[in-house]
Amino acid sequence: MDSNTSFTLAIEDLTVSFDGFKAVDSLNFYLDENELHVVIGPNGAGKTTVLDLICGKTKSTSGSIKFLNKELTNMSEHAIVNEGVGRKFQTPSIYENLSVLENLEISYPHGRGVYGSLMFKRSDKVLAKIKETAKEIMLLDDLDTEAGLLSHGQKQWLEIGMLLIQDPQLLMLDEPVAGMSVKEREQTADLLKKICKGRSVLVIEHDMEFVERIAHKVTVLHQGKILATGNMDEVQKDPKVIEVYLGH
Amino acid sequence: MNFVYEKLMGGKQGFFGFIILATLIIVILPLFLDIFRLNLVGKYLTYAFAAVSLVLLWGYGGILSLGQGVFFGLGGYGMAMFLKLEASSPENTQIQSTPGIPDFMDWNQIISLPWFWEPFNSLPLTIAAILILPALFAFIIGTAMFKRRVGGVYFAIITQVIAVILTILIVGQQGFTGGINGITDLRTLNGWDITSDNAKYIFYFLNAFLLLTVIVISRFILTSKFGSLLLAIRDKEDRVRFSGYDVSNFKIFIFSFSAMVSAIGGAMFTLQVGFMSPSFVGIVPSIEMVIFAAVGGRMSLIGVVYGTLLINFGKTTFSESFPELWLFLMGGLFISVVMFFPNGLAGLWNDYGHHITNKIPFWKKLKKTEVSQAVVEKTDEATV
Numbered sequence: 001m002d003s004n005t006s007f008t009l010a011i012e013d014l015t016v017s018f019d020g021f022k023a024v025d026s027l028n029f030y031l032d033e034n035e036l037h038v039v040i041g042p043n044g045a046g047k048t049t050v051l052d053l054i055c056g057k058t059k060s061t062s063g064s065i066k067f068l069n070k071e072l073t074n075m076s077e078h079a080i081v082n083e084g085v086g087r088k089f090q091t092p093s094i095y096e097n098l099s100v101l102e103n104l105e106i107s108y109p110h111g112r113g114v115y116g117s118l119m120f121k122r123s124d125k126v127l128a129k130i131k132e133t134a135k136e137i138m139l140l141d142d143l144d145t146e147a148g149l150l151s152h153g154q155k156q157w158l159e160i161g162m163l164l165i166q167d168p169q170l171l172m173l174d175e176p177v178a179g180m181s182v183k184e185r186e187q188t189a190d191l192l193k194k195i196c197k198g199r200s201v202l203v204i205e206h207d208m209e210f211v212e213r214i215a216h217k218v219t220v221l222h223q224g225k226i227l228a229t230g231n232m233d234e235v236q237k238d239p240k241v242i243e244v245y246l247g248h
Numbered sequence: 001m002n003f004v005y006e007k008l009m010g011g012k013q014g015f016f017g018f019i020i021l022a023t024l025i026i027v028i029l030p031l032f033l034d035i036f037r038l039n040l041v042g043k044y045l046t047y048a049f050a051a052v053s054l055v056l057l058w059g060y061g062g063i064l065s066l067g068q069g070v071f072f073g074l075g076g077y078g079m080a081m082f083l084k085l086e087a088s089s090p091e092n093t094q095i096q097s098t099p100g101i102p103d104f105m106d107w108n109q110i111i112s113l114p115w116f117w118e119p120f121n122s123l124p125l126t127i128a129a130i131l132i133l134p135a136l137f138a139f140i141i142g143t144a145m146f147k148r149r150v151g152g153v154y155f156a157i158i159t160q161v162i163a164v165i166l167t168i169l170i171v172g173q174q175g176f177t178g179g180i181n182g183i184t185d186l187r188t189l190n191g192w193d194i195t196s197d198n199a200k201y202i203f204y205f206l207n208a209f210l211l212l213t214v215i216v217i218s219r220f221i222l223t224s225k226f227g228s229l230l231l232a233i234r235d236k237e238d239r240v241r242f243s244g245y246d247v248s249n250f251k252i253f254i255f256s257f258s259a260m261v262s263a264i265g266g267a268m269f270t271l272q273v274g275f276m277s278p279s280f281v282g283i284v285p286s287i288e289m290v291i292f293a294a295v296g297g298r299m300s301l302i303g304v305v306y307g308t309l310l311i312n313f314g315k316t317t318f319s320e321s322f323p324e325l326w327l328f329l330m331g332g333l334f335i336s337v338v339m340f341f342p343n344g345l346a347g348l349w350n351d352y353g354h355h356i357t358n359k360i361p362f363w364k365k366l367k368k369t370e371v372s373q374a375v376v377e378k379t380d381e382a383t384v
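Line order of the protein sequences matches chains C and L. Numbering-wise (this note's numbering), the first sequence opens with residue 1 and increments by one. Numbering-wise (this note's numbering), the second sequence opens with residue 1 and increments by one.
Please note: incorrect hints may appear among the correct ones.
As the list claims (entries may be wrong) - Below are the DSSO-like pairs computed for lysine-lysine, each with C-alpha atoms no more than 27 Å apart in a straight line:
id	chain 1	residue 1	chain 2	residue 2
1	C	Lys70	L	Lys12
2	L	Lys7	C	Lys129
3	C	Lys66	L	Lys12
4	C	Lys121	L	Lys7
5	C	Lys131	L	Lys147
6	C	Lys121	L	Lys43
7	C	Lys240	C	Lys217
8	C	Lys135	L	Lys236
9	C	Lys121	C	Lys135
10	L	Lys7	C	Lys59
11	C	Lys131	L	Lys236
12	C	Lys57	L	Lys147
13	C	Lys125	L	Lys200
14	C	Lys22	C	Lys217
15	L	Lys12	C	Lys121
16	L	Lys236	C	Lys129
17	L	Lys236	C	Lys57
18	C	Lys59	L	Lys147
What the hints assert, rightly or not - Only some residues are given here: those of chain C computed to face chain L with a beta carbon under 8 Å:
id	residue
19	Glu105
20	Asp190
21	Leu191
Unchecked claim - Computed Cβ-Cβ distance ranges for the label pairs, DEER-style:
id	chain 1	residue 1	chain 2	residue 2	range
22	C	Lys135	L	Ile356	40 to 46 Å
23	C	Lys131	L	Phe116	22 to 28 Å
24	L	Ile356	C	Ser151	33 to 39 Å
25	C	Asp144	L	Phe36	46 to 52 Å
26	L	Phe32	C	Asn97	38 to 44 Å
27	C	Arg122	L	Thr184	22 to 28 Å
28	L	Arg148	C	Arg213	42 to 48 Å
29	C	Lys193	L	Pro342	58 to 64 Å
30	L	Thr143	C	Glu132	23 to 29 Å
31	L	Phe32	C	Glu132	41 to 47 Å
32	L	Pro342	C	Leu127	33 to 39 Å
Please keep in mind that the hints were generated in silico from the structure rather than gathered at the bench. For every residue, glycine included, the Cβ atom is placed at its ideal position computed from N, Cα and C.
Looking at chain C on its own, in the form it has when it is part of the complex:
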């Protein structure tokens, strides 16, 4: 546990127990740069809990989470974000009463203190970055739209955009295509392929077709433990995985 790793994210022996129930049990998990890694698993496998642990929403019982060789387990949520970890929630978590532009502006990683936010100016540089991001998430024409009026898929994209504008080294997406149309899924897959360059992306997803399309590597989680890791083919052929998915 003391060694420096070359991994972007190195999780070792991570355990969290809620009143004796181990939601995540001695988990070891590594993520490389430029890697798009998808975590799948049945309900209650602990997928979302792993993301909660990484981003500081839940505190671990034991174990270590190293991000670029920095221990995250004792840091506060906002400090973890400032280290370069971005996280999308399962249900689109955007500011419905603000415009798309304001949503992105709030996520822009400057003026994060009280004084800084009072004196924050919407400079050309900020606007340029907002527009660039909006273009990437296909919302350039909706900058002035109130976010609450966007379609469900667009809300998902907006939240991804709010993470992208922070330029995180590690991007964690919890079910990014839930509730999307077929076409939106395709567009999202293209978007994810584009944005995983120069950073690591960790995705939780149920839609196997979508996973197959985007994943470099797949990990199957079951009852807080890793059942199998590898590329999609290997994982699909794994008898333990078949047992878990079909046996119940």
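Once you have looked at the hints, place chain L on chain C.
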């Protein structure tokens, strides 16, 4: 210029609303009201400070404080302590067993001025105390609660409890605070008679000027990124936290700022009314302040001023003729705001105001401005 227009006034809507409000309280009301009624309006406008502070804290920040009376009271007591010390010169208090200390201390067998009264011998120190102490108190409460992520209804309950505690403390420590009667018999400010009509006019205008200044500063806060963040924290606190912000710092700041604003109102209250008592500190005034904000429209800095004026005129008018009915009426009004027009008068104006403005040729040109006219008419009716 653009900065002033957009950031301090809030664009066209905010600008017209502001001008109309300023005209009403600086020109129209002083022209048409005698000094007794104007002094009453001045008193109501001191509550508007608390209502404006609740727009920031509750309307935008989503933090419901049921203890704004605490800060209003701290500001009021600060000013009252200064005025009381001035009124208690050794010559004025010769008949006491210890001349030179406030009369209620003498009645309670206190023989020297308590240490925490000493700074209130000086006007600059008093003003500093009025601005800083309530904000500091709010900072401490805010840090204790927001850092531990206490929020929502728990925060409301705790602030209400603080209001109760402070009231009990003031009433119980009669020798130091004047007890249930409060600090009364205030006469002069640096030798200037504050009960004269002249002084009342000056305080009225000072009060109006301060209120408008507070509105402008608040508008600046709300139009900055801080303002969007407040809304964001209200609606999706977790998202803000996971966008790299320390949410508690923002809450602590806005709570402290709202405390300072309320305290200014309290100090102006003492100057205009001439006394301060625990009945302006506790639960009832604190909740009334929330009602002012709710009726005026908790998202509108301008609307809450009308809300405050309207309710207080109503209170004065009704409690003169049907005192026992007033509380039911106010309760009913609050319930109907919650049930039928959650954005208060300002919301009603935004939704239906164009029916009125469209009939006035001048307004047609301006299209949709903001708040006010309907409200102005209402308050004018109440005034007459």
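Taking the hints in turn, this is what the structure says about them:
Using a Cα cut-off of 27 Å, the hinted pair lysine 70(C) and lysine 12(L) is violated, with the two alpha carbons roughly 50 Å apart. Between lysine 7(L) and lysine 129(C), the direct Cα distance comes to roughly 23 Å. Compliance with the 27 Å bound is thereby established for this hinted pair. Distance hint between lysine 66(C) and lysine 12(L) is unfulfilled; the C-alpha atoms sit about 51 Å from each other, more than 27 Å. Simply put, lysine 121(C) and lysine 7(L) have alpha-carbon atoms about 11 Å apart, close enough for the 27 Å limit, and the pair holds.
Using a Cα cut-off of 27 Å, the hinted pair lysine 131(C) and lysine 147(L) is violated, with the two alpha carbons roughly 35 Å apart. Note on lysine 121(C) and lysine 43(L): the hinted pairing is violated, with a Cα-Cα distance of about 38 Å set against a maximum of 27 Å. As the CA atoms of lysine 240(C) and lysine 217(C) are separated by approximately 17 Å, the hinted pair is consistent with the 27 Å bound. Restraint check for lysine 135(C) and lysine 236(L): the C-alpha separation of about 24 Å stays at or below 27 Å, so the hint holds.
Annotation: proposed proximity of lysine 121(C) to lysine 135(C) holds, straight-line Cα distance about 22 Å (limit 27 Å). Between lysine 7(L) and lysine 59(C) the alpha-carbon distance is near 41 Å, which puts this suggested pair outside the 27 Å criterion. A hinted pair counts as satisfied when its Cα atoms are at most 27 Å apart, and lysine 131(C) with lysine 236(L) qualifies at roughly 23 Å. The straight-line distance between the Cα atoms of lysine 57(C) and lysine 147(L) is roughly 15 Å, inside the 27 Å bound, and the hint therefore holds.
Our distance criterion of 27 Å between C-alpha atoms is broken by lysine 125(C) and lysine 200(L), whose separation comes to about 52 Å. As the CA atoms of lysine 22(C) and lysine 217(C) are separated by approximately 25 Å, the hinted pair is consistent with the 27 Å bound. With a C-alpha separation of about 20 Å, the suggested pair lysine 12(L) and lysine 121(C) falls inside the 27 Å cut-off, and the hint holds. With a CA separation close to 23 Å, the supplied pair lysine 236(L) and lysine 129(C) stays within the 27 Å bound.
For the suggested pair lysine 236(L) and lysine 57(C), the alpha carbons sit about 14 Å apart, so the restraint of at most 27 Å is met. This hinted pair checks out: lysine 59(C) and lysine 147(L) have alpha carbons roughly 16 Å apart, not beyond 27 Å. For glutamate 105(C), the interface hint holds, the least distance from its beta-carbon to any beta-carbon of chain L being 7 Å, beneath 8 Å. Proximity of aspartate 190(C) to chain L is violated relative to the hint, the smallest CB-CB distance being about 25 Å (cut-off 8 Å).
With its C-beta approaching chain L no nearer than about 20 Å, leucine 191(C) sits outside the 8 Å limit, and its interface hint is violated. The hint said 40 to 46 Å for the Cβ distance between lysine 135(C) and isoleucine 356(L), and at roughly 43 Å that hint holds. As the Cβ distance of lysine 131(C) to phenylalanine 116(L) is approximately 57 Å, the hint placing it in 22 to 28 Å is violated. At roughly 37 Å, the beta carbons of isoleucine 356(L) and serine 151(C) sit within the given window of 33 to 39 Å.
Between aspartate 144(C) and phenylalanine 36(L) the CB atoms are about 51 Å apart, so this pair conforms to the stated range of 46 to 52 Å. The hint said 38 to 44 Å for the Cβ distance between phenylalanine 32(L) and asparagine 97(C), and at roughly 40 Å that hint holds. The given range of 22 to 28 Å is broken by arginine 122(C) and threonine 184(L), whose C-beta atoms sit roughly 52 Å from each other. Taken as a hint, the range 42 to 48 Å holds for the pair arginine 148(L) and arginine 213(C), whose Cβ atoms sit roughly 44 Å apart.
With their beta carbons about 45 Å apart, lysine 193(C) and proline 342(L) fall outside the hinted range of 58 to 64 Å. For threonine 143(L) paired with glutamate 132(C), a C-beta distance near 38 Å fails the hint of 23 to 29 Å. In this structure the supplied range 41 to 47 Å is violated for phenylalanine 32(L) paired with glutamate 132(C), their Cβ-Cβ distance being about 57 Å. Taking the beta carbon of each, proline 342(L) and leucine 127(C) are about 34 Å apart, inside 33 to 39 Å as hinted.
In this structure, the earlier hints numbered 1, 3, 5, 6, 10, 13, 20, 21, 23, 27, 29, 30 and 31 are contradicted, and the remaining ones agree with it.
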